[in-house]
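Read top to bottom, the protein sequences are chains A and B.
Quick note: to get the working numbering, add 7 to the position in the first sequence (first position is 1).
Quick note: to get the working numbering, add 7 to the position in the second sequence (first position is 1).
Heads up, some of the hints might be wrong.
Copies of the same chain look alike in the list, so a pair counts if it works inside one copy or between any two.
As the list claims (entries may be wrong) - Below are the DMTMM-like pairs computed for lysine to aspartate or glutamate, each with C-alpha atoms no more than 20 Å apart in a straight line: (1) LYS332 with ASP77; (2) LYS129 with ASP90; (3) LYS332 with ASP319; (4) LYS344 with ASP318; (5) LYS282 with GLU245; (6) LYS193 with ASP228; (7) LYS176 with ASP205; (8) LYS142 with GLU238.
Bear in mind the hints are in silico, worked out from the structure with no lab data behind them.
Protein chains: 2
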Amino acid sequence: MKLTWKQYDLHLKHTFRISRSASDVAKVIIVQFEHNGIIGYGEASPTKRYGESVETIPQFLQKIDFSRFDSPLQLEDILNYADAIEQGNTSAKCAVDLALHDWMGKKLNIPLYQLWGLNPAKSAKSSFTIAIDSKEVVEQKVREAEEFPILKVKVGADNDEEMINTIRKITDKVLYVDANEGWKDKHLALERIKWLKDQNVEFVEQPMPSAQLDDIKWLRDKSDLPLIADESVLRLQEIPKLAGAFDGINIKLMKCTGLREAMRMINTARALNMKIMMGCMIETAVGISAGAHLGPLLDYADLDGNVLISDDPFDGVRNIKGELKLNNNPGLGVSLKD
Amino acid sequence: MKLTWKQYDLHLKHTFRISRSASDVAKVIIVQFEHNGIIGYGEASPTKRYGESVETIPQFLQKIDFSRFDSPLQLEDILNYADAIEQGNTSAKCAVDLALHDWMGKKLNIPLYQLWGLNPAKSAKSSFTIAIDSKEVVEQKVREAEEFPILKVKVGADNDEEMINTIRKITDKVLYVDANEGWKDKHLALERIKWLKDQNVEFVEQPMPSAQLDDIKWLRDKSDLPLIADESVLRLQEIPKLAGAFDGINIKLMKCTGLREAMRMINTARALNMKIMMGCMIETAVGISAGAHLGPLLDYADLDGNVLISDDPFDGVRNIKGELKLNNNPGLGVSLKD
Numbered sequence: 008m009k010l011t012w013k014q015y016d017l018h019l020k021h022t023f024r025i026s027r028s029a030s031d032v033a034k035v036i037i038v039q040f041e042h043n044g045i046i047g048y049g050e051a052s053p054t055k056r057y058g059e060s061v062e063t064i065p066q067f068l069q070k071i072d073f074s075r076f077d078s079p080l081q082l083e084d085i086l087n088y089a090d091a092i093e094q095g096n097t098s099a100k101c102a103v104d105l106a107l108h109d110w111m112g113k114k115l116n117i118p119l120y121q122l123w124g125l126n127p128a129k130s131a132k133s134s135f136t137i138a139i140d141s142k143e144v145v146e147q148k149v150r151e152a153e154e155f156p157i158l159k160v161k162v163g164a165d166n167d168e169e170m171i172n173t174i175r176k177i178t179d180k181v182l183y184v185d186a187n188e189g190w191k192d193k194h195l196a197l198e199r200i201k202w203l204k205d206q207n208v209e210f211v212e213q214p215m216p217s218a219q220l221d222d223i224k225w226l227r228d229k230s231d232l233p234l235i236a237d238e239s240v241l242r243l244q245e246i247p248k249l250a251g252a253f254d255g256i257n258i259k260l261m262k263c264t265g266l267r268e269a270m271r272m273i274n275t276a277r278a279l280n281m282k283i284m285m286g287c288m289i290e291t292a293v294g295i296s297a298g299a300h301l302g303p304l305l306d307y308a309d310l311d312g313n314v315l316i317s318d319d320p321f322d323g324v325r326n327i328k329g330e331l332k333l334n335n336n337p338g339l340g341v342s343l344k345d
Numbered sequence: 008m009k010l011t012w013k014q015y016d017l018h019l020k021h022t023f024r025i026s027r028s029a030s031d032v033a034k035v036i037i038v039q040f041e042h043n044g045i046i047g048y049g050e051a052s053p054t055k056r057y058g059e060s061v062e063t064i065p066q067f068l069q070k071i072d073f074s075r076f077d078s079p080l081q082l083e084d085i086l087n088y089a090d091a092i093e094q095g096n097t098s099a100k101c102a103v104d105l106a107l108h109d110w111m112g113k114k115l116n117i118p119l120y121q122l123w124g125l126n127p128a129k130s131a132k133s134s135f136t137i138a139i140d141s142k143e144v145v146e147q148k149v150r151e152a153e154e155f156p157i158l159k160v161k162v163g164a165d166n167d168e169e170m171i172n173t174i175r176k177i178t179d180k181v182l183y184v185d186a187n188e189g190w191k192d193k194h195l196a197l198e199r200i201k202w203l204k205d206q207n208v209e210f211v212e213q214p215m216p217s218a219q220l221d222d223i224k225w226l227r228d229k230s231d232l233p234l235i236a237d238e239s240v241l242r243l244q245e246i247p248k249l250a251g252a253f254d255g256i257n258i259k260l261m262k263c264t265g266l267r268e269a270m271r272m273i274n275t276a277r278a279l280n281m282k283i284m285m286g287c288m289i290e291t292a293v294g295i296s297a298g299a300h301l302g303p304l305l306d307y308a309d310l311d312g313n314v315l316i317s318d319d320p321f322d323g324v325r326n327i328k329g330e331l332k333l334n335n336n337p338g339l340g341v342s343l344k345d
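Chain A with its partners taken away, still in its complex shape (with noise of 0.2 Å):
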């Protein structure tokens, strides 16, 4: 079993502006894992708030000894292990677990969603993002995204109500908003949540900081809008004490060590009675057909990652007009362009 990885840059069509940051280029690492002539393609797409970068990725990776285990199918075993190495490294974990689990589709030639029983013609449409800018710019953006059924709007920096406004000039299609913990203040965000629910918003994403959790709590007590937890979650164990904060989860791969933990996120929110969205990073078709994969058991998926570079390097899920097409090939069903 061998693991090797390489750096892409990612370009993004616009800068990507929300609460806390902008950027233009995204650096993933790309692994690939061996064994048997059977290739597993994996992503990790780090965050600096979660300490990672292209740089620690690596370190991480290299400290992994395969030659522990009998087989890649176990990956209970090897999974447990590598997150025991060492805390945090969420990004990295995933690009591991990503490989395992794309190579035992491509061993059992079976597409993930049918590894897990799922049917993919019954996936939740994805959202495309529009980040916040100038109103020129939104404008722009709101019409080249003409294709896509639902938005998903980034607010909480001062111009909240001028970016719902120039969107809902040009179009009346589904909202979602992302406050990006952008609203400190409970009022003002019970008062942003109200005027939002009048432009027919369907749920808003982390209002206040992930800190403020009582906050939140009272919030929801008074909220017309369903809240859906981002930066509050990263991985399973911090869902129980959200269930009466927030009524639904939004699970990163990138955040929670990948496919296995997403899987037992998603069986622990639905005994909770909480919704379930899939989000994402900047990332390339590996990291997203990842997430689509999972896309029977989503309530929303936000899964458009990709859609935002002009040069991802792979092929893989296509999002037609917000639909998540999956093919039919082995694994996470992504290939490398020539």
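Please build the complex by placing chain B on the supplied structure of chain A, with the hints as guidance.
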């Protein structure tokens, strides 16, 4: 896709007595799911308490219309559909779940544990159950069970101390205790638990009736031994509300509708930091093997249902001194004896 079924009468080596009832014969239904020349086996072992019998199971099974589905691999859709046909009928639903999993494993030519990425060498050991009986019979049974390293002792009748004293005179091996809701008063229950702790018991299963959840919470705060829910837990949705009252859950395939729901329950219990036990009814090697494939995810296994019968019609997992030895055959790894 074709489902057929047949009743088997399983004969117990000893009359099986718990706090509520006694029996010599267990009637089960074995199902065969056939598609493309592959046969998947499943089993339903009904419980009167939950409104099932060998009469209700065929009534339920004949309502399932497989022609709605393209492929047996669409487990999520098929099992959600079957679940929605009618409430209850959990062992009948379990039979279908097991048969589809067995079919899938055979189709992919892989044992179920491997399909789930598990290492069977890491399985929990199974306990062997000693039912409530006279001192003389208990003595005899404990001696017959010499090869098994863990005994699960049924208490909750009026001879608890006699049961334990009789066993402890013969052996100091690990004891699990199952009260099967037999203690109705919380103060009495606490006294019994304190005494059991001194007899070196590992945990107590369902000390009090499931309807007395507040009493069980009171008991747990004061108990020196972990409390495991059995009658209190049927399916996924019940787990979160048990988190403050019990330290773990006992999952039974026949009560939870099968392997797919069991996996969801395991993931949820883990998120809630609860221990995971798997129990069984009187079952053939079909049902017991199914549970054993989840063995590596369990803290405690009580999968002796087919060791207690004299005429198991199936070969499958072997219980060697409490170790659950799965073979490498695909699916459940079970076969009808000649």
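Handout entry: Indices of hints not satisfied (ascending)
Key = Violated hint: only 8; rest satisfied.
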